[in-house]
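Start from chain U and add chains Y, D and H according to the hints.
Residue numbers (the working numbering), protein chains in the order written: chain U, 114 to 389; chain Y, 114 to 389; chain D, 114 to 389; chain H, 114 to 389.
In short, the hints are calculated from the structure, not lab data. Please note that the accuracy of each hint is not assured.
Given that identical chains are not distinguished, each listed pair holds provided it fits within a single copy or across any two copies.
Stated by the list, open to error - Here are the simulated lysine-lysine pairs, DSSO-like style, with alpha carbons at most 30 Å apart:
1) Lys328 x Lys228
2) Lys296 x Lys134
3) Lys122 x Lys296
4) Lys134 x Lys122
5) Lys296 x Lys129
6) Lys170 x Lys122
7) Lys170 x Lys200
Protein chains: 4
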Amino acid sequence: VVPVLRPFKLASRDFKPEDSKISINGHVFGDNKVIVIAGPCAVESLAQMRETAQAVKAAGAHLMRGGAFKPRTSPYSFQGMGEEGLKIMAQVREETGLHVVTEVMAPDQVELVAKYADVLQIGTRNMQNYALLNAVGQTNMPVLLKRGMMSTIEELLMSAEYIMSNGNHKVILCERGIRTFEKYTRNTLDINAVPVLKELTHLPVVVDPSHATGKWTLVKAASKAAVAAGADGLIIEVHPNPAEAASDGEQSLKPHRFDELMVEVGRVAAAVGRSI
Amino acid sequence: VVPVLRPFKLASRDFKPEDSKISINGHVFGDNKVIVIAGPCAVESLAQMRETAQAVKAAGAHLMRGGAFKPRTSPYSFQGMGEEGLKIMAQVREETGLHVVTEVMAPDQVELVAKYADVLQIGTRNMQNYALLNAVGQTNMPVLLKRGMMSTIEELLMSAEYIMSNGNHKVILCERGIRTFEKYTRNTLDINAVPVLKELTHLPVVVDPSHATGKWTLVKAASKAAVAAGADGLIIEVHPNPAEAASDGEQSLKPHRFDELMVEVGRVAAAVGRSI
Amino acid sequence: VVPVLRPFKLASRDFKPEDSKISINGHVFGDNKVIVIAGPCAVESLAQMRETAQAVKAAGAHLMRGGAFKPRTSPYSFQGMGEEGLKIMAQVREETGLHVVTEVMAPDQVELVAKYADVLQIGTRNMQNYALLNAVGQTNMPVLLKRGMMSTIEELLMSAEYIMSNGNHKVILCERGIRTFEKYTRNTLDINAVPVLKELTHLPVVVDPSHATGKWTLVKAASKAAVAAGADGLIIEVHPNPAEAASDGEQSLKPHRFDELMVEVGRVAAAVGRSI
Amino acid sequence: VVPVLRPFKLASRDFKPEDSKISINGHVFGDNKVIVIAGPCAVESLAQMRETAQAVKAAGAHLMRGGAFKPRTSPYSFQGMGEEGLKIMAQVREETGLHVVTEVMAPDQVELVAKYADVLQIGTRNMQNYALLNAVGQTNMPVLLKRGMMSTIEELLMSAEYIMSNGNHKVILCERGIRTFEKYTRNTLDINAVPVLKELTHLPVVVDPSHATGKWTLVKAASKAAVAAGADGLIIEVHPNPAEAASDGEQSLKPHRFDELMVEVGRVAAAVGRSI
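Same shape as in the complex, but just chain U:
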């Protein structure tokens, strides 16, 4: 039984057989090097962001992540620092040279976020927010498109197609775990999605082991698995003091754990013919 997929075109490997390469500050997704994006779930202060960025840079990360606009299940949870958070990341970029990946949550935020960010992230809850996909498709900025926690691989590709059909082909796909019956982990990392996507599409594929596990103790193993399976990059939550993080503390690594992770992931990358 061969599953029949809906027709996606621009994202398809048939349409473009060779891997797409998307470069950010000289770091190329879809090439030999495994690109690592690291940083806190949410920007909380200049001090926190600076400390984290310096630590992850020292460990070898290539880009920094941090949320200024946070999609939270509850309206009463911390919603992010907004533009103030974007400014902090821009300043830390100045200081460290690490470019910025950050989430945009609504079409009318795109212009603002694009002013400060280097990569626009579409979060899992917005994978099928078509107005937002169209809006980022009309920029010429790289987009990190996270798989919906409830979405099939096919639907992820169709959402990439929304962005691309607007003219922006710089789409990086992100497997971040799916929702299943298993309750011990926050999500189930669909590791199969990595080789499936590499078959079906020419777009780069990164994995988010932090959300895909929900527990910092599992992040290193999941990162190594992702690279072994063929991922082009990783996006990892790191926080100087996870116990006091405004969100996602349980799944955030302390900097010294991230150091360890980079060393071990580097060995696996070498074993599959890549560098980090």
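This is chains Y, D and H only, laid out in the frame that chain U set:
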């Protein structure tokens, strides 16, 4: 084991013990009568919308549904008629007296859709589109909030809370089927959600048996089950010619099947002490 | 898209268009009457079983249930009273006239259980225990086959086919809830399965609202939904003192709640042209 | 939120902090070496089994697999060669020195299978077949216990506990993919389960990338991911002519693909400090 939920306040039965009643054109959700919303998936033409509305009105439906902005998995599928579709529904409302439930997909569409519609529908893919929830929360129009296809009951209530915390308490919840491993039906109708929601919240609860099954042959049984379980309303796809529908033809009822459904659902409603 | 099913034959509606009727002590599954099986999860003592049986009989139940061999996730949980429990049920049958539905867990238990029981129940964990299916297929006793909590409708029918292909066509199918991501309820009652099964097979279909919800407060609504959707019967956990039940106390009804349920389910049954 | 697990004892890492080592013909599960079990889904003939065993041995596999009793969804599918198949494997063991892993499906088959096999496999559909778990627990043979396709990690450990509480501590756990909403792959490999199990239990953990993906093109990537994540072994379907296999042809590797896999997996094993 008692599941621990995140704190939701305004939507909670503890906060407001009595059922909320939301009236649209004299039809009250959350009261004794089971309210039925019926119509095509998408508005396709004035003739199609008029024919459908006349038929469902004759069968006893209270409100009409129809999509002008359609969230489609593929960017290459029919995306709806847009404002033209809204105008058609407004005209058919004039002719039939049936008020209009229709989807709004982005914050900046709210003003336009609100000009023509009587109830703003938030679709399953947008249940956690917080900018959109905030935008409809800032209107004073009734909102039909569909459960995300892989969202928990708790998350549905938290999304209602987003709308309500903006000041708009006129939220109607809609169970429309969830995504599971079962492949024979398009979705799995989570019938348990009806009594669970009636315990946890004072908001009205309606069921969409069309999406929850994906097959017209199952819609009548699912509708009767929903009403037996305590649903305050139903939203049902009806099309004069399902085989040629622009979308969702497989799950749309022909008008004469809808007549039958109304009669049988009416009997079940009476058996649980309600009317239709 | 029409789902393609594996070929099942004897169980298929195509093979035998008319409903199969399976009679136990004059109560016929698959006919006009909705048959209700009620009793405790586990037999705990003669007093408990007698008290429960008298109560459910007074409320109008047609058959009694009770577990003597209990499939428990942990080897350290109560595993049932074994043959002693079977003897208790046989004695209570003498006293009340209620026939006995009870689970058999292994091929070499079939002979023993068949000595005391009137209906052999195959539990959810054993739906694909093919040696057991073959063993009960070689008896001429009615079999209540519960859907695996992880099994599709098609797989349920294929398991029925195992039993029937051994010569025993007296199979009653039972939808008892499936495992999904929703955590508020123990399982998700797949109410769609009722009309789907009525389309695909001639075999009677019953619903277990106790396991399908896991909470006694939801059992009545789920029971009414099941009957409204077309179920031929219900199997319900009732315990005189749920707080002290050896298992499943949370989902067991007290006798006076079961009385209420029978009255309300009776009204729904009448609304769909059946009696109880 | 720390998930609360049911108490498992003998299987717990707390009970026995050091890794359990289970040796079969000198190949030790739970030690430094990654153990590879390979062979066809089903034994079909002496020629097929011999050819496969020679090929996988040449590629470096340590044990052979092959099914003589096959749990098939349909009673009309090939059910395996039975004892004849066991004899074939025993003969091929003589010829190649590869010891035999094969499935046992019922308590009364245990004695027969144990006569020919070196490791008793409990299949995914029988993970909660407690009579069978007790039966293999009363032998002193190594048991390969496959996770139920919709069983939680906790339930897998509780099933191991059933075996161990009978006195047999030689249990090897196997993650073989779980059932989710994703339809492109046959199952979803729950790679998180590998590090979770290594935290919770001292028992060895192997991964079945063939069933966990359902497509031979994905097996190599999944195997590398499993070893990178910390798996102690792999169990892989190999067939000399997958297009004509009696079952599971789509997910079976041809011998030369298996050669490739062994080389690449060996590199990843070395990168995580292990050999193959």
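*Quick check: which numbered hints come out false for this structure?*
As far as the earlier hints go, 1 and 6 are violated by this structure, in ascending order.
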